[in-house]
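Asker: First to last, the protein sequences are chains B and E. To convert a position in the first sequence, counted from 1, into this note's numbering, add 14. To convert a position in the second sequence, counted from 1, into this note's numbering, add 2.
Hints were generated in silico from the structure; no laboratory data involved. Keep in mind the model is a prediction, meaning the values are calculated, not measured. Using N, Cα and C, we set each Cβ at its ideal position, and we do this for glycine too. Wrong hints could be hidden among the right ones.
As the list claims (entries may be wrong) - Residues from chain E shown here face chain B by an in silico Cβ test under 8 Å; the list is partial:
{"id": "1", "residue": "P6"}
{"id": "2", "residue": "R13"}
{"id": "3", "residue": "L306"}
{"id": "4", "residue": "K310"}
{"id": "5", "residue": "R316"}
{"id": "6", "residue": "G319"}
Letter by letter, the chains look like this.
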Amino acid sequence: MTSSAPASAAGPAWALRCRGLHRHLGEGEGRVHVLKGVSFEAERGQVYAIVGPSGCGKSTLLYLLGLLDRPDEGEIEINGRRMSNHDDAARTAARGEHIGFVFQFHFLMLEFTALENVMMPMRKLGRLAPAAMRERAHALLDSVGLGAKTHRLGTQLSGGEQQRVAIARALANQPAILLADEPTGNLDVRNSNLVFDLLTRLAKDNGQAVVLVTHNPEIAQRCDVTRPMRDGLFV
Amino acid sequence: MTSPNLRIAYRFLTAKKRAMVMSLACTILGVGLFIVTQATTSGFERFFTKTILGINGAIRIEDKIQDTMRSMAAAGGGDSHFARRDGVKYIEGIEEPQALMAAVREFPNVRGVSAVVRGNVQLQSAFKLEDAQVFGIRLEDHVRVSDLAEQVTNGSLEDFRNSPTGALVGRVLADRLQLAVGDSLVISARGASRRVQVAAIYETGYREVDKTNVYLHQPEARSLLKRPSGATFLQISLHDPARAPQDAARLEQVLRHSVKPWQEREKTWLAVFRALRISTMITVSVFTLIASLAMFNTLAMIVLEKTKDIAILRSMGYERRDVTRIFLWQAGLVLAVGAVAGALLGAAVTWLVAQVPLPINGIFKTDRFIVTWDPAHYAGAVLTAVVMVMVASLIPARRAARLEPGDIVRGTAQ
Ligand SMILES: Nc1ncnc2c1ncn2[C@@H]1O[C@H](COP(=O)(O)OP(=O)(O)OP(=O)(O)O)[C@@H](O)[C@H]1O
Ligand SMILES: [Mg+2]
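Chain B with its partners taken away, still in its complex shape (with noise of 0.2 Å):
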């Protein structure tokens, strides 16, 4: 897992690479060449911005390096480990061990509260005793400002309320990457800032790699890389 000590000391510095990533979607007829081939990688401590178009294929790729979804072609590496070749279980294990995912629509599982939203994750690796997960997940809510409504059920949270929360999520186990699709989408400058000063300081202090795909070109520019894409290729 990550450590605080600096990236160069122990293992390689890329937490995430990929090469030649090519992925089609839809069947048939509508099947369409999503993305062409795409590599990237990402250095622990850094920030990363993906933007570009509607439809250009930052989702699509923000799932393949989640893991959530398999390339047609190119290789996935995760803190030096190839993935991308990996049965399901290898897969799911890194996914709840060293990836922090932010989905782009439908944030939080909304029969359950916001505590108990951001305590999911650790129920699963079990690394921490109940108590101990308790008081994580309200340090973790109190630092997206959400420390007042923790007892609050899903249903009971507005749309940037649930996205806050599904972002103290994805940091839960510490993750040594943080994938987040357009993180600060429903937010006010307020918040929105919040949120990214958050993970600035997540990716400067505990060396995690971050993520996220945004249409604000403010945040975009704060981030330590921006790389345009077009086309399902960076540009």
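Assemble the complex: chain B is given as a structure, and chain E with the ligands must be docked to it using the hints.
Answerer: Here is chain E with the ligands on its own, set in the frame of chain B:
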């Protein structure tokens, strides 16, 4: 700490209350009715068994096996009757009951043994003539192999014991001949006839018995039937009647007589009861089947509604088998509540049914529904429900586990 899967299962399930209540209700009904039908059908079966054991005992020994030509010659031919059944030759009756009874008493499971002399007779009352069968018994022996003591309804067994020419007459026969306790009647057989008194009237509830069997003291029966020695059969009672077939086989081997356990003697009625029990079990399983279909439906619905939650769970590191378990837990929760509530319902209805007045007479006599309280019925009901509901739940549960998170988030998962 409860498992996260169980927690998630609980929330998913309670989010679909109406569908869940439907499967739960069917599970409760299935379990409850299963128990009730088993309790009543086996109640009647056991009561029937008790009745026939109370009349004829657990084992009957009759007819000596004729095994070799030499021993047949030794028997002397004379007035012995030969019979051939299943390729084995028999000599009718028991020649030396005392020796045989002593041998039978050596068996540890044997509770009592009684030698009986039987013969066809005619009864003549002041009113009417009826055919009947006389059973010559030694009362002390026979009360140990039958429920004669409890079957007496008019008069008393003491009166019979104290009167050498007394007779025990069945209820139906007594009614036909219009006999009451203290009346006298004439019994005739093979040209001879004797006058006896009705010492008591008994009722077993088994009509065939109550209308034909007349019990006399053995000396009286012997002189009536002109049978100074020997016996027609030995009647045996056991501590554990369920073991009768094994004991009978062993007795037959050792004693070289034809030995029949009650299970063989009453196999027609026992088969009827078994068929009844199985057919009600099948009928009632329809409820459990509906419960399993309802569970299938509920889970299939939850899978459809929660695909995005499944994708979220999978993205957080929950494995395919966690997803399977989340859905099987839901079935498990319904089953757990359904089993407990169903068992309570079953017990309550069984109790109520036992209060229902229901006069039956013919193969046994009762004035209300007979039930048994057997934990095996409860286990059987719960097991049936668990198997059927779990099998039905496996399909949606596995479907949920097969979903690809990538397909779900892109919205292409159907
Ligand atoms: N199931 C599918 N079948 C065919 N084409 C698909 C399917 N799903 C997505 N696509 C296409 O793949 C392309 C990339 O989609 P993707 O969601 O990655 O875009 P995006 O860059 O995230 O856009 P946005 O900024 O609007 O979120 C789009 O052109 C879309 O039409
Ligand atoms: Mg997108």
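Asker: Could you tell me which of the numbered hints above are not met by this structure, giving the numbers in increasing order?
Answerer: 3
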